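Hey, can you work out the whole structure from these sequences and the hints?
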Amino acid sequence: MPELPEVETTRRGIERHLHGRRVLALRVRERRLRQPLPRRLERALPGQLIREVARRGKYLLLGTDAGTVLIHLGMSGSLRIVAPGLPAQKHDHVDILCSDDVCLRFRDPRRFGLMLWVEGDPGRHALLRGIGPEPLGAGFDGAYLHAKARGRRAGVKLFIMDAGVVAGVGNIYANEALFRAGIHPQRPAGHVSAARYEALAAAIRAVLREAIAQGGTTLRDFYHGTGEPGYFRIRLAVYGREGEACVGCGRPVRCIRQGQRATYYCARCQR
DNA sequence: ACTGGCTCCTGAGGGC
DNA sequence: TGCCCTCAGGAGCCAG
1 MPELPEVETT RRGIERHLHG RRVLALRVRE RRLRQPLPRR LERALPGQLI REVARRGKYL
61 LLGTDAGTVL IHLGMSGSLR IVAPGLPAQK HDHVDILCSD DVCLRFRDPR RFGLMLWVEG
121 DPGRHALLRG IGPEPLGAGF DGAYLHAKAR GRRAGVKLFI MDAGVVAGVG NIYANEALFR
181 AGIHPQRPAG HVSAARYEAL AAAIRAVLRE AIAQGGTTLR DFYHGTGEPG YFRIRLAVYG
241 REGEACVGCG RPVRCIRQGQ RATYYCARCQ R
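If you're matching positions, the first sequence starts at 1 in the numbering used here and goes up one per residue.
Quick caveat, the hints were computed from the structure, so don't treat them as lab data.
Fair warning: this is a prediction, and the values are worked out from it, not measured in the lab.
A virtual CB, placed ideally from N, CA and C, is assigned to each residue, including glycine.
It cannot be assumed that every hint is accurate.
[Said to hold, decoys possible] With a straight-line Cα cutoff of 20 Å, these simulated SDA-like cross-link-like pairs (lysine to any residue) come out:
hint, residue 1, residue 2
1, K90, M75
2, K90, G137
3, K148, Q186
4, K90, R110
5, K148, A203
6, K90, E30
7, K148, S193
8, K90, L37
9, K148, R107
10, K148, R196
11, K90, S76
12, K90, A126
13, K148, G120
14, K90, E134
15, K148, G137
16, K90, D65
17, K148, E134
18, K148, A163
19, K148, A138
20, K148, M75
21, K148, P122
22, K148, D121
23, K148, L128
24, K90, R27
25, K148, L136
26, K90, L26
27, K148, A199
28, K90, D100
29, K148, D162
30, K148, L158
31, K148, P133
32, K90, E119
[Said to hold, decoys possible] Computed beta-carbon distance windows for the label pairs:
hint, residue 1, residue 2, range
33, R31, G120, 21 to 31 Å
34, V247, D141, 23 to 33 Å
35, S99, A54, 18 to 28 Å
36, Y144, D65, 16 to 26 Å
Given below as structure tokens:
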């Protein structure tokens, strides 16, 4: 269920437990993920010290001296810190057992997620190499989007969901950001003005920041498990509200399909 | 270089 | 209660 704020909330939640811990063993129950779980991961990771818990887009990176564990949660994945003896439930595919009785448990019913082992600079890995700037980092602003959109005829919503354009903007927050910026999701990306891209970049940052701040409220509980990241804590203006009144003008929110994904918008407030 | 369509997989929810 | 259908927050890959 994770978009960038959920992945970041997860990162913060697990970082406090994993940083500086040593991996003792892996317990693998199911290796058939989006790519099969590499045997090399099972061989190389035990014994390593976790030096860093980082995020790039929607990927999580557990950094060690020997290599990096690259994790993606797909559509249905989650990570939590559990006690090592806690019985595994269905779809709990991998445990990473660490020192001090810390166990990182990876669960993913749909198995669109990923857990890989990367040696060397993870930024050069094929899955990370082509990813655009972090929306909350330097190098992401309206001027960047405007330049990148030159000549693109696809709808601006598909454009901002392209990981090569900007990292980690998924369906919910693409819908919400376009509503806040007052831009119609089907407007060709190359036909959005520089000024409106400034507004859109600001809206993307704002909606992601708010969602992360809200998700953070659940962090305290991360350890014994009830702390699922707070997906629904942020009040959504358009996503999932087809037919309901637009919070801006009161007209019904519309739902269409773009690239097989649901797009929600207000035809009056978004042009 | 872009674009749209297809694909992996399980589970939830609606209609009948 | 059960069956069948559609849909779901991702994103890599492919042909055109």
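*Would you pick out the hints that fail for this structure and give their numbers low to high?*
2, 9, 12, 13, 14, 16, 20, 21, 22, 28, 32, 36
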